[in-house]
Amino acid sequence: MSALDVRADLAAPTRGRRPSLLTWTARSTTAGPLAALVLAVVVFSLTTDTFLTLDNGSLVVEQVLVTGTLAMGQTLVILTAGIDLANAMIMVLGTLVMARLAGGGGLPGLLALLVGAALCAALGAVSGTLVTRLKLPPFIVTLGLLSVLTAVSQLYADGESFAVTSSTLTALGHRSYLFGRIEVTTGMAVLAVMVAGLWFALTQTAWGRNVRAVGDDAEATRLTGVNTRRTVLSVYVIAGLVYAVGAWQALGRIPNADPNAFQTGNLDSITAVVIGGTSLFGGRGGVPGTILGTLVVTVLANGLTQAGIDSLYQQVATGVLVIAAVAVDRLVRGRAV
Amino acid sequence: MNGGNGNRTAGADQDAAAVPRADVLPAGGATPEGEPRCVLRATGLVKRYGNVVAIRASDFDLRAGEVLAVVGDNGAGKSSLIKALSGALVPDAGVIELDGRPVAFRSPHEAREAGIETVYQTLAMAPQMDIAANLYLGRPLRRAGTLGLLRMLDHRRMREEAARQLDALGIATVQDIGQVVGSLSGGQRQAVAVARAAMFGSRVIIMDEPTAALGVRESRQVLELIARIRDRGVPVVLISHDMPQVFEIADRIHIHRLGRRTAVVEPARCSMTEVVGLMTGALRVTEDGTITEQALSAPHRKEGTA
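Quick mapping for you: the protein sequence lines, in order, are chains A and B. Under full-length UniProt numbering, the first residue of the first sequence is numbered 1, with each subsequent residue one higher. Under full-length UniProt numbering, the first residue of the second sequence is numbered 1, with each subsequent residue one higher.
One chain only, chain A, in its complex shape:
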């Protein structure tokens, strides 16, 4: 009954130490998507001749760039127990504004890029303000914004698409060869830097800890003295900036701004985030998982194509994975809480 009796059965040596590899695997949200990715790569390498080649590897990574970037911003929002349905449309509007300003507008590419980025951040701030000030559900706020921005994009483009000639705006599509053999683009380096930066911010700074805590239990976090409104608002603004990088990536891949592009980008990014082990209920997960999740979806599509399987089955496979990922999250959360 007393504290002394209780003290006898404790395992003191493990306290204050780093968790072991085994406990890491049990607690980690990245272990699942990592296992899924390894499995997919092994299966497709064994069943097809064309999957495990350097060129195909480069192609897969290149296909990850835009959706992966959108999913980075989506991860931030979902960590706060929100969701962003407008992310792809913010990005598309960003590409249109960048392309038109640099094209017909005659602005230097860099300036057009910065104006586009400012617009994306401002649109993020609109969502963030509505969510934090009016306490509206993020689903509704971003659904409304998606609808508005879809119309605005069409009106702004006036049924056209805009070819991009500015070398600054297409810079991320620049190709080079590592060791003379591996094809890489500047966009891959930008994505890598962004993943590293967001990983650092989310895991190694107080801001990142507050972001997770808000998603975990907003009221508890507020009571411990964290300015939860400012934290959530900052998440939407930073997500907007990430979508601007996505717009830059998109113009690097295809130097043409089209209002009808990336129609399912929002749902694709949510799929990647969820398969990457980030909880839709907030507080759990992170950017490494999201990159793995994006790779899983892309490898699945790529591999099934190489194996000659109808693309409709790819959608079936992705759908099953999403549901499985959320089911696992539910089970884990049910056990923890």
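Where hints are given, some of them may not hold.
What the hints assert, rightly or not - Listed below are several chain A residues computed to face chain B (Cβ distance under 7 Å; list not exhaustive):
id	residue
1	T224
2	G225
3	V226
4	R284
To be verified - Some but not every residue of chain A turned toward chain B, in silico, with C-beta under 10 Å:
id	residue
5	A35
6	V115
7	T203
8	A206
9	G208
10	A220
11	F281
12	G282
Just so you know, the hints here were simulated from the structure itself, not pulled from any lab data. Backbone N, C-alpha and C fix where the C-beta goes; we use that ideal spot for every residue, glycine too.
Using the hints, position chain B against chain A.
Quick look at chain B alone, frame taken from chain A:
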């Protein structure tokens, strides 16, 4: 209603010997000579919500080194009083003094800065974060030097410090500081919340119903923890409905009724029945400090019309 006065902890008994006790103190009345320093005092607090008066010119005082229980019926206004003291609500009138200096908290954050920590009934924990992260939620430790400029967290120091604090408080059931709080039992979670308050509460620790959701064994551990905090020199305000518990741990009992302090009694000198009587208004404290039946025709009656 089991337990009772015979069950007091050793620490409380030492205090009982050291502190001169008046028999029963009338609310807001004169206090005896040589009493310990007053750490937190409130005078004439008022809080209205439209026509509803939540705090009705209430007084409050907390002395150094004591556990003060705050008891009262549901709706008596205990929570409002505690919220005013912890910065969660701003009173319309009245003065709050901390160590003799007037303070005016506009947020829980400001009260916390001043050294007043509150353990909320909801515990205010992030269930998916580990113990160390929860202990430092809202006030993380940063790395020194260049990495500090990057606002980088010092995970190692937080883990070590958290483990040290839990040991110092004798919270030994927690095996791994990296465990998520959601996987802890109710008692362990409560212990972590209390530990967090103890780590940062340099002046006063307020606990709102800390044992309400706990079993017998876990309640016992939390009570021991409260006694340990008091023995370390930080006074504790304990809001509780559990009379035997209040009589076991408290040095004085603040009785709240109809939005104000109606009496402060010492558990050593009165019975649970008397405290319940004071809570419900069946009994009252006279000017000379004795408890008598409420005379229904007496002027005190006006206090009963809400």
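Here's how the hints hold up against the structure:
1. T224: Holds, about 4 Å.
2. G225: Holds - the Cβ of A/G225 comes within 7 Å of chain B, reaching about 4 Å at its closest.
3. V226: 5 Å, holds
4. R284: At 5 Å from the nearest chain B Cβ, A/R284 passes the 7 Å test, so the hint holds.
5. A35: Status violated, d = 21 Å.
6. V115: The hint is violated - A/V115 has no Cβ within 10 Å of chain B, the shortest such distance being about 29 Å.
7. T203: 8 Å, holds
8. A206: 4 Å, holds
9. G208: 8 Å, holds
10. A220: 4 Å, holds
11. F281: This interface hint holds because 9 Å falls under the 10 Å limit.
12. G282: 9 Å, holds
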